[in-house]
Amino acid sequence: MEKNVELTTISNIHSVQDQAEEKTSSFEGLQFSSGQSEDWAVGESIPKRNVGVWQLASLVYLLTAGGGYGLEPLVGAAGPLPAIIGILIFPWIWSVPQALMTAELSTMFPKDGGFVLWVYEAFGSFCSFQVGWWTFVDSLVDNALLPRLFSDYLSVIIGNNSISRWWTTLGGIVILSFCTALNVIGLHMVGWASVLFTIFVCFPFLLLALMGIPRASPQVWLSFRGWKQSHWRLYFASLLWNLCGYDSAGTCAGEVRNASKTYPKAILLSCAMGIVSFLLPILSTVTYNQNWELWTDAFWPRACNQVVDGRWLGYWIALGGIISSVGMLNSLLATSSRALYGMVICGLLPKHLGYLHSMYATPIFCILLVSLGTAFCSIFSFESLLQVDSVLYSLKLALELCSFIGLRYSQGHLLRPFRVAGGKKVVWLLVVSGLFCCCGMIMLSNWVAAMTCVVMIVLGIVLYLTFQKLGCIMMHSVVPTTTTV
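Here this note's numbering is used: the sequence shown runs in plain steps of one and ends on residue 485.
The hints are simulated quantities; they were obtained by calculation from the structure and are not laboratory data.
Keep in mind that this is a model prediction, so the values were computed, not measured.
Beta carbons are placed, not taken as given, at the ideal position from N, Cα and C, and that holds for glycine.
Do not rely on the hints blindly, as some may be mistaken.
For each label pair, taking beta carbons as the anchor points, the in silico distance ranges come out as [unchecked claim]:
1. F178 <-> M451: 33 to 39 Å
2. S217 <-> V458: 51 to 57 Å
3. W447 <-> L210: 44 to 50 Å
4. I173 <-> G423: 47 to 53 Å
5. F178 <-> K425: 43 to 49 Å
6. K469 <-> T296: 45 to 51 Å
Result set (DSS-like, lysine-lysine): computed pairs, CA atoms no more than 25 Å apart in a straight line [said to hold, decoys possible]:
7. K265 <-> K425
8. K48 <-> K265
9. K351 <-> K265
10. K228 <-> K48
11. K48 <-> K469
12. K424 <-> K265
13. K261 <-> K424
Turn these sequences into a full structure, and let the hints guide you.
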């Protein structure tokens with residue numbers, strides 16, 4: 001009987017979320033949620049819930065794995081055996097905590113904003129503002145890295161060793177404009193584009209596996225460069241970097257259909273796809289490419305040419321690298337703009353930033369702000385951006401993990417359509433494991449990145465105090481009112 005009551009309650013919650021009609025006031029062709037009063041209605045989500053399992057899974061896959069592009073240095077750092085072991089083990093201590101946290105809290109708070117809302121309810125407005133600020137800066141840095149990946153794979157296709165900065169800039173502008181347009185149209189369009197990108201990116205690697213693995217030598221899979229010859233700093237940095245990002249999926253919860261069922265399925269599916277897409281290319285190619293020093297960024301097309309006669313599949317994989325960078329930017333722009341929108345929902349930013357497009361119901365100002373910031377950050381060097389990105393992401397994720405366990409204590413009575421089994425002990429295990437990896441990622445960065453992040457942290461505190469003094473920060477609650485039955 002109790003189980004039936006709980007299931008009925010969950011059904012009623014999502015029926016209200018999906019069917020609620022909200023009053024809106026117009027502002028120069030855009031809309032702003034006004035709820036039933038003139039105040040900012042933080043408890044409602046205006047964007048349409050039209051994203052399904054495959055759309056969300058593809059979006060998350062491009063955010064995290066993206067076809068295995070960028071994994072080549074992992075093999076070069078220590079050899080195939082450590083790479084394979086790392087791909088099989090590290091997801092359990094690094095990816096799984098992020099994935100389970102996101103699945104539980106996204107179904108508990110099925111609204112746009114994700115971790116901004118989680119931290120807000122766990123620790124208040126100050127910490128929520130900081131995690132939102134770090135996310136904003138981190139997303140700009142992350143997005144600005146992608147034109148470099150675009151130029152790396154474009155150089156493989158056209159045959160030049162390097163692409164001029166002019167072509168890189170032009171390509172970045174075109175890609176950024178295209179992704180901005182998709183995001184303005186809506187997250188459902190971003191999701192379907194992600195599905196197409198994922199198919200295009202994964203299919204050539206599947207062909208490579210079908211052609212390469214049957215002729216591969218398992219003995220080469222067990223190759224190891226040796227303890228002294230291996231570059232362990234690069235090895236661990238590559239592992240941690242390629243297996244993170246699942247928490248970003250929570251920022252889109254307000255636009256996901258039936259979030260309580262969609263999130264667990266989509267995140268599990270994206271995790272499985274990521275592990276498979278990392279393992280198959282390594283198992284397919286290492287037999288034919290045993291000079292580990294050559295395993296650097298954008299090596300997959302050349303490795304493929306040693307396995308398959310001709311260069312057609314290598315060109316396809318190189319083109320897939322370009323598509324992967326487009327898909328990743330598309331997904332990052334979607335999640336980072338929704339995190340910014342979540343700050344508006346919590347009352348941490350001026351409400352005018354939360355205006356929605358009158359036709360598409362998307363947070364257009366947030367999308368444009370992230371796009372313009374990305375264009376600005378693209379002028380900085382790739383190496384410096386990468387280091388700063390790692391530190392900021394680790395700080396952000398650490399605070400999210402703390403909110404995960406904090407909400408189990410402070411709001412453990414609230415309904416969670418998906419709840420991590422095993423009670424608080426299992427949650428503690430996940431949190432400690434994730435925090436350990438966060439510390440490792442920070443320690444792998446250099447002091448310049450650390451100092452840059454200190455400046456960003458101080459600037460975030462100053463911005464919070466300034467906004468608070470100006471009256472831009474208003475206290476709201478986003479806690480669901482339903483308790484467990």
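Hint check results:
no.	hint	result
1	F178 <-> M451: 33 to 39 Å	holds, 35 Å
2	S217 <-> V458: 51 to 57 Å	holds, 54 Å
3	W447 <-> L210: 44 to 50 Å	holds, 46 Å
4	I173 <-> G423: 47 to 53 Å	holds, 51 Å
5	F178 <-> K425: 43 to 49 Å	holds, 47 Å
6	K469 <-> T296: 45 to 51 Å	holds, 49 Å
7	K265 <-> K425	holds, 24 Å
8	K48 <-> K265	holds, 20 Å
9	K351 <-> K265	violated, 34 Å
10	K228 <-> K48	violated, 55 Å
11	K48 <-> K469	violated, 34 Å
12	K424 <-> K265	holds, 23 Å
13	K261 <-> K424	holds, 22 Å
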